[in-house]
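2 protein chains.
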Amino acid sequence: MLTGEFSQMPRIDIPRKSIYRLSIYQRCLSKLKENDVDTVSSEALAKAAGVKPTQLRKDLTYFGQFGTRGLGYNVEALSSTIAQVLGQNHLQPVILVGVGNLGSALLRYGGFRKEGFEVAAAFDLSPRPQIGLSTPILPMQDMAGFIEANQVKMAILTVPASSAQAVTNQMVAAGIQAILNFSPTILDVPEHVVVNSVDLAVELENLSYFIR
Amino acid sequence: MLTGEFSQMPRIDIPRKSIYRLSIYQRCLSKLKENDVDTVSSEALAKAAGVKPTQLRKDLTYFGQFGTRGLGYNVEALSSTIAQVLGQNHLQPVILVGVGNLGSALLRYGGFRKEGFEVAAAFDLSPRPQIGLSTPILPMQDMAGFIEANQVKMAILTVPASSAQAVTNQMVAAGIQAILNFSPTILDVPEHVVVNSVDLAVELENLSYFIR
DNA sequence: AATTGTGAATTGATTCACAGCT
DNA sequence: AGCTGTGAATCAATTCACAATT
Numbered sequence: 001m002l003t004g005e006f007s008q009m010p011r012i013d014i015p016r017k018s019i020y021r022l023s024i025y026q027r028c029l030s031k032l033k034e035n036d037v038d039t040v041s042s043e044a045l046a047k048a049a050g051v052k053p054t055q056l057r058k059d060l061t062y063f064g065q066f067g068t069r070g071l072g073y074n075v076e077a078l079s080s081t082i083a084q085v086l087g088q089n090h091l092q093p094v095i096l097v098g099v100g101n102l103g104s105a106l107l108r109y110g111g112f113r114k115e116g117f118e119v120a121a122a123f124d125l126s127p128r129p130q131i132g133l134s135t136p137i138l139p140m141q142d143m144a145g146f147i148e149a150n151q152v153k154m155a156i157l158t159v160p161a162s163s164a165q166a167v168t169n170q171m172v173a174a175g176i177q178a179i180l181n182f183s184p185t186i187l188d189v190p191e192h193v194v195v196n197s198v199d200l201a202v203e204l205e206n207l208s209y210f211i212r
Numbered sequence: 001m002l003t004g005e006f007s008q009m010p011r012i013d014i015p016r017k018s019i020y021r022l023s024i025y026q027r028c029l030s031k032l033k034e035n036d037v038d039t040v041s042s043e044a045l046a047k048a049a050g051v052k053p054t055q056l057r058k059d060l061t062y063f064g065q066f067g068t069r070g071l072g073y074n075v076e077a078l079s080s081t082i083a084q085v086l087g088q089n090h091l092q093p094v095i096l097v098g099v100g101n102l103g104s105a106l107l108r109y110g111g112f113r114k115e116g117f118e119v120a121a122a123f124d125l126s127p128r129p130q131i132g133l134s135t136p137i138l139p140m141q142d143m144a145g146f147i148e149a150n151q152v153k154m155a156i157l158t159v160p161a162s163s164a165q166a167v168t169n170q171m172v173a174a175g176i177q178a179i180l181n182f183s184p185t186i187l188d189v190p191e192h193v194v195v196n197s198v199d200l201a202v203e204l205e206n207l208s209y210f211i212r
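Protein chains in written order, with the working numbering: chain X, 1 to 212; chain V, 1 to 212.
The hints are all genuine.
Just so you have them, the derived chain X footprint on chain V, three or more residues with Cβ under 8 Å:
(1) 20 to 33
(2) 45 to 51
(3) 79 to 93
(4) 104 to 114
(5) 182 to 196
Honestly, the hints are just simulated from the structure, not real lab data. All C-beta atoms in this analysis are idealised placements derived from N, C-alpha and C, irrespective of residue type, glycine included.
Working from the sequences, and respecting the hints, build out all of it.
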C-alpha cells in the first residue's frame with residue numbers, strides 16, 4: 001500500500017503551476033481510461049492537456065519516475081499516482097459560504113463530487129431552503145462549530161466582497177486551511193492558509209484587452 | 001481627446017500577467033474613488049492589490065508614465081487610463097452559451113455590467129424562459145446570426161465538456177475573438193482567438209494538494 | 001527505434017537599487 | 001524628503017538537447 005508515501009515529499013520547491021497542471025493531466029487520463037487506452041506517450045498526453053511534451057515530463061519528475069523509456073506511461077498507474085499526489089484518494093469534505101446566485105449555482109453544479117469533493121454543508125446569513133438540493137443550508141452562526149466538529153479544511157467562498165474578509169477570518173480561526181475565493185477581493189490570510197481566487201470580472205476584463 | 005491612443009501601443013511583449021493585474025489595480029482604484037481619495041502611492045495601491053510596489057510600477061510603465069515623483073498617482077487619472085488600456089470605455093456586448101446551472105447563475109450574477117460588459121443574449125439547445133431575467137434566451141441555431149448581426153466579439157462558454165469544442169468552432173466561425181471558458185476542456189482555437197479558462201474542479205483539486 | 005528523464009540553456013517575470021523629478 | 005521610473009540583477013519556469021533505458 002502506498003498510503004502516506006507522498007506526504008513525505010517536499011511540498012515546497014515544486015512550482016505551483018506544475019501542481020495545477022497535474023489536475024489537468026488527471027482529467028486527460030480519465031478520458032483515456034474511459035476509452036480503454038492503457039499506454040500513452042508524453043507527446044500524446046501533452047497534446048491533450050495543451051502543453052509541450054517536455055513540460056509534462058518535467059512536471060512528472062518532480063514526483064518521481066513513472067514512465068517506461070521507449071514505451072510511454074501506463075494510464076492506470078499514472079492516474080492513480082497523480083490521485084495520490086493530489087490527495088484525491090479519499091472524499092474531502094468542503095463547505096460553501098454565501099448562498100447567493102453564484103453559491104447556489106455551485107451547489108447545484110455537482111461536478112465536484114466526481115473529483116472527490118463533497119460539499120458537506122453551506123452557510124448563509126439568512127439561509128433559505130433551496131428546492132431540490134440535498135446539501136444542508138445552515139445559518140452562519142453554526143459555521144465555526146461545523147468546521148471544528150467535522151474537521152473541514154476546505155471552503156468555497158461566495159459571499160459579497162464587503163463581507164469576504166470578515167468571513168475568512170472566522171473560517172480560518174475555526175480551522176479552514178484552503179479557500180476557493182469567488183469574491184472580488186484580495187484576502188489577507190495567515191501563512192499556512194492557501195487561497196485560490198477566481199475573479200469573473202477580472203477574467204472578462206482581461207479578455208477584452210486582447211480584442212481589437 | 002485620447003481615443004485611439006492606446007490602440008497604437010504594442011500589444012505584444014507585455015506580460016499577460018501584467019495585463020491581468022491591471023484589472024485588479026482598477027478595482028482598488030474604484031474603491032479609492034468611492035472614498036474620495038485623490039492621490040495614492042505605489043506602496044499603498046500595491047498593498048491593496050496584494051502585490052509589491054515595484055511590480056505595480058513596472059506594470060504601469062509598460063503603458064506609459066502616470067505618476068508624479070514625490071507624490072504618487074492621481075486616482076482618477078490612473079483609473080481612466082487603465083480603463084482606456086483595457087477597453088472598458090464602452091459597453092462591450094458579450095454572449096453566454098449554455099444556460100445550465102452555472103450559466104443561469106452567471107446571468108443572474110450581474111456583476112459584469114458594472115465592469116462594462118453587457119450580456120446581450122444567452123443561447124441554449126433547449127431554451128427555457130428564466131424567471132426574473134431580462135437577458136433573452138435564444139436557441140442555438142440563432143447564435144451565429146446574432147454574433148454577426150451584433151458584432152459580438154466575446155463569449156462566456158458554460159456548456160458541458162462534450163459539446164464545448166463544437167460550440168467553440170461555431171462561435172469562432174461567426175466572429176468571436178475571446179472566450180471565457182468554464183467547461184473542463186482544453187479548447188483548440190485559431191491563433192487570433194484568446195481563451196481564458198476557469199476550471200472549478202481543477203481549482204479545488206489544486207487546493208487540496210496544499211492541505212496536510 | 002522509440003520515448004523517457006534530466007542537466008544545461010534559454011526565456012520570462014520579479015525584485016533590487018538607485019537615478020531623476022517634484 | 002518622498003516617491004516614481006527603470007536598467008541591471010536575480011529568481012523562476014520553460015524548453016532544448018541528448019544520454020539512458022526498454
